[in-house]
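> Once you have looked at the hints, place chain Y on chain C.
Just so you know, the sequences run in chain order C and Y. Per our numbering, residue 1 is the first one in the first sequence, and the count goes up by one each step. Per our numbering, residue 117 is the first one in the second sequence, and the count goes up by one each step.
FYI, nobody ran anything at the bench for these hints, they're computed from the structure. Among the hints, a few may not be true.
[As the list claims (entries may be wrong)] Facing chain Y, a subset of chain C residues (Cβ under 7 Å, in silico):
no., residue
1, Met-1
2, Ala-15
3, Gly-17
4, Ser-20
5, Leu-22
6, Ile-30
Bear in mind the structure is a predicted one, so any value in this text is a computation, not a measurement. Beta carbons are placed, not taken as given, at the ideal position from N, Cα and C, and that holds for glycine.
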Amino acid sequence: MKRSNQPIYWSLFGAGGMLSALIGPALVFITGIAAPSGLLPGLMSYQHILAFARNGAGKLFLFLIVSLFLWHGAHRIFHSLHDLGVHAGTLAKLLCYGPAFAGTVASAVALLALGF
Amino acid sequence: MSSQESRRGGYVRSMDGWWRRDPFFVRYMIRETTALLVVVYTIVLLCGLISLARGEAAYNAWLAALASPWSLALHALLLAGFLYHTWSWFLIMPKTMPLMFVDGRKVSPAVITGTGLAIATVVCLALVVAVKLVAP
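Next up, chain C with everything else stripped away, as it sits in the complex:
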């Protein structure tokens, strides 16, 4: 029997879903509301975030956030297509998982380009 590749997708979905459920609201509040409105002055300054992204743990954190969130969203959107009357075929699969893959690569390239 041919082995299914589904477990890979749903484990990425599960990991991203769990991570975003645990820290997502705090992240959105910090980066999207508190920091831009001046509640956390200097937190997201260029120097501060650059130092964070050059730190090994910070790099790993940023990579996991971006990649797992994207795979979570892609998988869930792909499996909702049928409910919206869209055929979930190969093209739809490419359009859902493709950007998640591209975003994963883009985040890795950006993080590596920043150096250590």
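Same frame as chain C, now just chain Y:
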């Protein structure tokens, strides 16, 4: 449906707006929509990451965009979406995780959901406090 039936053009109930027929389906659709909001937020973050790699000017432009009223309004919507995602994630967790037993008794769904939500609340508050402490 066989080809014989389809040629006769029998009654086929329309599935348009099926999810509006039942509040349960409406909640399901809202839950699935949070995936779209998660993706939007991640794209914002990815833009920040790429601009960070491109240099200080690009990064500061991204920061300035984040401070616009449009961005703040968007993030308020995203926050609502993420909160709903957290809520629904732990609400369905008793159904998505393997059965759990403590002292030979099945752990009740309410305990699983409550524990998950409590942990998420603590983690989120801890993260905000930690960030406040490290802010220069």
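> All the hints need checking, so say for each whether the structure fits it.
To see whether the hints hold, each was checked on the structure:
Of the supplied interface hints, the one on Met-1(C) is violated, with its beta-carbon coming no nearer than about 23 Å to a beta-carbon of chain Y, more than 7 Å. For Ala-15(C), the shortest C-beta to C-beta distance to chain Y is roughly 12 Å, which exceeds 7 Å, and the interface hint is violated. Look at Gly-17(C): its Cβ gets to within about 6 Å of chain Y, closer than 7 Å, so that hint holds up. Contact between Ser-20(C) and chain Y, as hinted, is supported at the beta carbon level, the nearest pair being about 6 Å apart and thus within 7 Å.
Among the interface hints, the one on Leu-22(C) holds; its C-beta lies about 5 Å from the nearest C-beta in chain Y, closer than the 7 Å criterion. Here the hint on Ile-30(C) is kept, as its CB sits about 5 Å from the closest CB of chain Y, short of 7 Å.
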